[in-house]
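Chemist: Given next are the chains, with one letter for each unit.
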Amino acid sequence: MDWIYEPWPWYVSGPMIALVMFLLLMVGKNFGMSSNLRTMCTICGAGKTSDFFRFDWKAQRWNLVVVLGAIIGGFIGSHFMTTDAAVAINPDTVTDLKGLGFESAGKAYLPTELFDMNALTDIKSLGLLIIGGILVGFGTRYAGGCTSGHAISGLSNLQFPSLIAVFGFFIGGLTMIHLIFPLIF
Amino acid sequence: MRTVSYLLIGIVFGITMFKSEAASWFRIYEMFKFESFHMYGIIGSTVIIGIVLVQLIKRVPIKSFYGETIQIPPKAKSFSRYMFGGILFGLGWALAGACPGPMFTLVGVGYVPIIVVIIASIFGTFLYGLIKDKLPH
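Just so you know, the sequences run in chain order A and B. For what it's worth, the numbering used here labels the leading residue of the first sequence as 1, then goes sequentially. For what it's worth, the numbering used here labels the leading residue of the second sequence as 1, then goes sequentially.
Here chain B stands alone, though its shape is the one from the complex (with noise of 0.2 Å):
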């Protein structure tokens, strides 16, 4: 059961990436142009509704659909991890024009040439778990 719901969910964020544009190469680059507020809006409308949300869950102790309590771990602190493994990822986002939800959605649109960029990533993951502990962290 629980199985089946987090495959809708998947498929809801699929079809989302999908209809929004957000999987498209074009859109990032335009993003990146400031030529459009197209993915300003995406962004900037699901972290304002986000942020209630989280707040509401936070303050008004709702448990998830299984009545467990909700945990939303904090993000470590660091500066130069962010930073810097921030700046790589978004070499590559530009680039390759996908990130990590996205990506796998145009496979299911039948974009054949995405395997290269998603058999690229898992080795670019691979290659950071290799090197990990001498980079500043």
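One chain only, chain A, in its complex shape (with noise of 0.2 Å):
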């Protein structure tokens, strides 16, 4: 059972992520995550400001369950299913980050520098949070789908408009850590 500790190797994880998007269309839905946004804008009263948020949000509260559960999951990966959280990246990548100054490189689940509490009181910290949540947000929803949407079921669906969207994610992905990462770190 030690291997449930351990992190899942991509043979483990792809074929997981996969069940998870049959399992949506044998309960009559499909995988996508980020309109949930979408809907959450909707609940928040935003339907007043713009036509787009005024729908029956009610028929996407399955999908708001998704989330919850996504949610308890992290909770039970974490907390249940893991001794050290750390992630073995590359070496490489481990040096470059620290030439950029993530010192948690190799060492932590997610950088300190953005994500512990600290963070929150630091103006650069914060306003990337900020700026990579817009971001993600807006070009998610003029892109019609996230990862989940256009990369795992749009392109099962053999859509040419997702495989346009992966390449655009791509693109921007490298602009930001080629281009602009060495810019703002």
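Calculated from the structure, these hints are not laboratory results. There is no bait here: all hints are sound.
Restricting the straight-line Cα-Cα distance to at most 27 Å, the calculated cross-link-like pairs of lysine-lysine (DSS-like) are:
#, chain 1, residue 1, chain 2, residue 2
1, A, K58, B, K75
2, B, K77, A, K29
3, A, K107, A, K124
4, A, K48, B, K132
5, B, K77, B, K132
6, B, K58, A, K29
7, A, K58, A, K48
8, A, K124, B, K33
9, A, K98, B, K33
10, A, K29, B, K75
11, B, K63, B, K75
The task is to assemble the complex, starting from two chains supplied on their own in separate frames and drawing on the hints.
Modeler: The following block contains the structure:
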């Protein structure tokens, strides 16, 4: 049973995600997590400002339940199924990250520089989290889906639009890491 | 009963996101540096198995567990929205190191600052709703 405490290799994780997508189809739903962000806008009253948020959000309640499950799953996975959460990334990547000032690389699950409690009082860290979040929320709705909706569901259904979106994801991600990171870190 | 099934599927998804390390900012950085096969292995194997399962559902008329016909809506045709929206999402994905599934998983793990990312992403979605008619789609 020791394997369960270790990080799951890709050949376990990938089939598990495919299983999640399949189970959602089998209960009559589609896998896509970013729709929830729109639903949350509607619940907060965004329908007053834009037609885009005027829809029957109750029909999307199932997807909010999936989100609640994802939160519980994070709790279970980290508290009961993991002894050491440090992520063993490539030593070259660790060296890169240390050069950028990320001392926690190779020793933690998330960089403490951005995700420990001190980040909330550090203007730069807080600003980066806010900008990152806004880009995720704006981009994912503009593109009509995120990693789950396009890279997983869309590509699995051989949708050409999803392939364009995934190319976009990589153009954006590569630009951020290779061109923008050296300027901000 | 159905609600319980959605919750259980979500829990399996959350555990998988954490244990696969797909919810780790470091794995996303490493992926965009092309310094590990890990994330490509996850996404690649998911998609290959996903293609087989979706084709099976479409060709063999499999009914859902509740006896309904399974609907898989096709994506609308467009270039600009997928490309421009995708690029913006990619910039955020690499910066925050989290996409909309894992960011919720990380709340359960106990990272408080991820809540800032979630609130900002809800606000980002709201901004899109405000100006969507002015954007190329």
